[in-house]
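S.K.: Construct the entire structure; sequences and hints are all you get.
2 protein chains.
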Amino acid sequence: MINRQFRRAARPVGLPKSTDWAFGQEPVKAPNEGEVLVKVHCISLDPAMRGWMNEGKSYIPPVALGEVMRAGTAGVVVESKNARFAKGDYVVGIHGVQEYGVSDGRDLIKVDAGKAPLSSYLGGLGMTGLSAYFGLYEIGKPKEGETVLVSGAAGAVGGVVGQLAKISGCRAVGIAGGADKCAYLKELGFDEAIDYKSQDLVSEIKKACPKGVDVFFDNVGGETLDAALSRLAPHARVVICGAISQYNNTTPVKGPSNYLSLLVNRAKMEGFVVFDYRAKYAEAMAVLVAHFSEGKLKIKEHVETGLENFPDVFLKLFRGENFGKLVLKIAD
Amino acid sequence: MINRQFRRAARPVGLPKSTDWAFGQEPVKAPNEGEVLVKVHCISLDPAMRGWMNEGKSYIPPVALGEVMRAGTAGVVVESKNARFAKGDYVVGIHGVQEYGVSDGRDLIKVDAGKAPLSSYLGGLGMTGLSAYFGLYEIGKPKEGETVLVSGAAGAVGGVVGQLAKISGCRAVGIAGGADKCAYLKELGFDEAIDYKSQDLVSEIKKACPKGVDVFFDNVGGETLDAALSRLAPHARVVICGAISQYNNTTPVKGPSNYLSLLVNRAKMEGFVVFDYRAKYAEAMAVLVAHFSEGKLKIKEHVETGLENFPDVFLKLFRGENFGKLVLKIAD
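Order-wise, the sequence lines are chains A and B.
Numbering-wise (this note's numbering), the first sequence opens with residue 3 and increments by one.
Numbering-wise (this note's numbering), the second sequence opens with residue 3 and increments by one.
Accuracy of the hints is not assured; some may be wrong.
Heads up, the list lumps identical chains together, so a pair's fine if it works in one copy or across two of them.
Claimed, not checked - No more than 27 Å apart at the CA atoms, straight line, and that leaves these computed lysine-lysine pairs for DSSO-like:
1) Lys208 with Lys59
2) Lys83 with Lys300
3) Lys59 with Lys213
4) Lys208 with Lys83
5) Lys143 with Lys282
6) Lys256 with Lys59
In short, the hints are calculated from the structure, not lab data.
M.R.: And the structure:
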């Protein structure tokens, strides 16, 4: 059996180009004692992957040149030498941009493909949903009646954040680009949607958040972060989940000029990394699946197909072309 | 009796000029029932006063044009119609840049002029010391053995922060401008002093904080904040006390480009306002006075004299010309 893969070929400057990747193949590895072989069905494409391509100290090591690109995956166990897993089990893991992966099982989570489509365990019910869940509840700590503002709200994480905020009795306001995405936020139950492409952010945030912003969940950075900082409520919490506007900069990152709003409002800005909450994954996933089953959590996926299309599909994230969690389906 | 005063005359652009002030006089007001009349001995000059001259929403209202400039003061009760105060009591309050003030007593704190010079209750044992105390302990929450980095370390707040960090069993590293100030930091017991005027900040912070920065207490902002962010330890706390490098900007505030270090390090950046801790002032002042009496807390004052010199003396703060807490003495 053949395992086709994308490995890193060059260090990108700005947006990754096709020549930054090497598409190749090798024989499928056989699992050793204690390991399982997983056939990958879906690959999760996430903005954070861009960060893993940069040199330097971060929350996990960068993917070195020559290595298979790291990515979250959902698939099925095709051979098991690990007592915890049986052939036919559906699992999510981090097998990267390839067709087959071998794992000792420590990073694998078994999922119930009967309760939701397999791909949703990469998105709203998987790491994406978990990022929303832990960022909102562990860092943002919203209280009933508070206002939660979310940037990148039509994105995979943002959409879940807004819905969880509503479930928790908060006012949810989303920022997204374009009328379609804003209409989608209303479908998800957001109280207000702000189109950053056609509206003035600061004045729209002021209108949509008349009592100020208690929790700002930021996926975007740049001007969006600055606008939100200008409308913080006292004791606000700014959750730094990402900064997609800045990831492909070839100039320095734009720091938030309005950061002194943290002082004036006795507010805090805090970053988090979802991997730190591993011990609580199962508990949180159960909550997300329950919300989904009850119809309280809607999940939108943007599914593309074909492993060979990875370099191009990945760029959709940075061009704002995906609408919902971006997943690359490579097998059924 | 005559009360000489500085009132606001114009809105400053950048550094306040002498024409931004009006020096005048009026008869001393008599206290009403419940009030006391205080003769001001010393006026506290603080960077935060510059912020109070700007328009717009902040943690306290701006000082309007025509009003006496707000400032912390230490003085003596010369007439009392309030049962809590007697003639001859030494008190600190917020009587502004003038010779006499009337108060209903709610903002006054009685101090013991026998235990420390009256002026020190404006500085290391007063609001300045309290800012250091609450910012460090309530926001920074240093643990024994951690590294506390302080900017503006030779300043009034910074010097106390470093000494409290040492008392709490931490490694204290200070950033200050010039060899004299750095030598002074060593006198105060800082483990390391970094001269931002002659050394490369990022590499010096790296050297002085080999395990990373657990708590960064920032009084400066700008490049200094960025340099510190680049060396955060996991779960670091950045305390935003001020941003003296940015207060007189006529260009936008420089936001911290390295703020995504908060994400990578699961760190937080939080502002605070000392006035929020009013209920704990007495308790904290008792701790500071005890440290002072035991010789564990050294306080440096930069005393200038003469009410009429206020506009010029105030600027020393922004030119880095004061060395220690800046106090304007206007009576003995």
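S.K.: Run every hint past the structure and note whether it holds.
M.R.: Hints versus structure:
1. For the homomeric pair Lys208 and Lys59, the shortest alpha-carbon distance between copies (14 Å) is at most 27 Å, but the shortest distance inside one copy (38 Å) is not.
2. Taking identical chains as interchangeable, the C-alpha atoms of Lys83 and Lys300 are never at most 27 Å apart, the minima being 37 Å within one chain and 67 Å between chains.
3. When the C-alpha separation of Lys59 and Lys213 is checked against a cutoff of 27 Å, the pair qualifies only between copies, where the shortest distance is 14 Å, while the shortest distance within a copy is 39 Å.
4. Taking the shortest alpha-carbon separations for Lys208 and Lys83, neither the intra-copy value of 58 Å nor the inter-copy value of 46 Å comes in at or below 27 Å.
5. For the identical chains of this complex, Lys143 and Lys282 are neighbours both inside a copy (16 Å) and across copies (26 Å), given an alpha-carbon limit of 27 Å.
6. For the identical chains of this complex, Lys256 and Lys59 are neighbours both inside a copy (20 Å) and across copies (24 Å), given an alpha-carbon limit of 27 Å.
When the structure is compared with the earlier hints, violations turn up for hints 2, 4 and for no others.
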